[in-house]
Amino acid sequence: NAGVTQTPKFRVLKTGQSMTLLCAQDMNHEYMYWYRQDPGMGLRLIHYSVGEGTTAKGEVPDGYNVSRLKKQNFLLGLESAAPSQTSVYFCASRWTGATPEQYFGPGTRLTVT
Amino acid sequence: QQPVQSPQAVILREGEDAVINCSSSKALYSVHWYRQKHGEAPVFLMILLKGGEQKGHEKISASFNEKKQQSSLYLTASQLSYSGTYFCGTGSNTGNQFYFGTGTSLTVIP
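Protein sequence lines correspond, in order, to chains A and B. Numbering-wise (this note's numbering), the first sequence opens with residue 1 and increments by one. Numbering-wise (this note's numbering), the second sequence opens with residue 1 and increments by one.
Just so you know, the hints here were simulated from the structure itself, not pulled from any lab data. All values derive from a computational prediction rather than experimental measurement. There may be inaccurate statements among the hints.
With a straight-line Cα cutoff of 27 Å, these simulated DSS-like cross-link-like pairs (lysine-lysine) come out [what the hints assert, rightly or not]:
(1) B:50 to B:67
(2) B:50 to B:68
(3) B:37 to B:59
(4) B:67 to B:26
(5) A:9 to B:37
(6) B:26 to A:57
Build out the structure end to end from the sequences listed, making use of the hints.
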């Protein structure tokens, strides 16, 4: 099992460019999450999904869109990148139930110049 | 809704103990603890679901005081491998969303 994978690992964008981050999990998890991690801020939830075809906003959704067309994939899109979106992005997934251990991907380091 | 952690950073010598605190202004329905090594993804340590619950993981244990809306992580006889950033997290009342604390950087030196 690969667990949770993310592509790409690194990316540099110019302001105004767009891109999509891909998260894939092979554990048949229902729930998937996108977080951003900035120094001193911890992990902040951007969007999440509780199942195929569903998405919902987290704490910091502005400037991002997501889609969950297949259960194993969760895509995070930036339509018009801004320097404030420079961050490390983590995807996570988990089972349903009362012991929601989250499994994280290795992260994507994004720099917007 | 982000929990607050203290201290922000701590440096220990091998064998020393440390306590990391996590508190919230909102009700805590559950508390999760994760550790993140530099340049890596966070890794789950443990979850506490009930007030008064205590759990252990090798020499790392945690407690949850539901009434005080606090949790504490206890690291005893620290080892070099304990170095990293520790995050607490709490679930929303629906259990769908999670809010992570700001993190505590722990460095263990020989």
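Here's how the hints hold up against the structure:
| no. | hint | verdict |
| --- | --- | --- |
| 1 | B:50 to B:67 | 11 Å, holds |
| 2 | B:50 to B:68 | 13 Å, holds |
| 3 | B:37 to B:59 | 18 Å, holds |
| 4 | B:67 to B:26 | 11 Å, holds |
| 5 | A:9 to B:37 | 17 Å, holds |
| 6 | B:26 to A:57 | 19 Å, holds |
Figure legend: structure checked against the earlier numbered hints; every hint is met.
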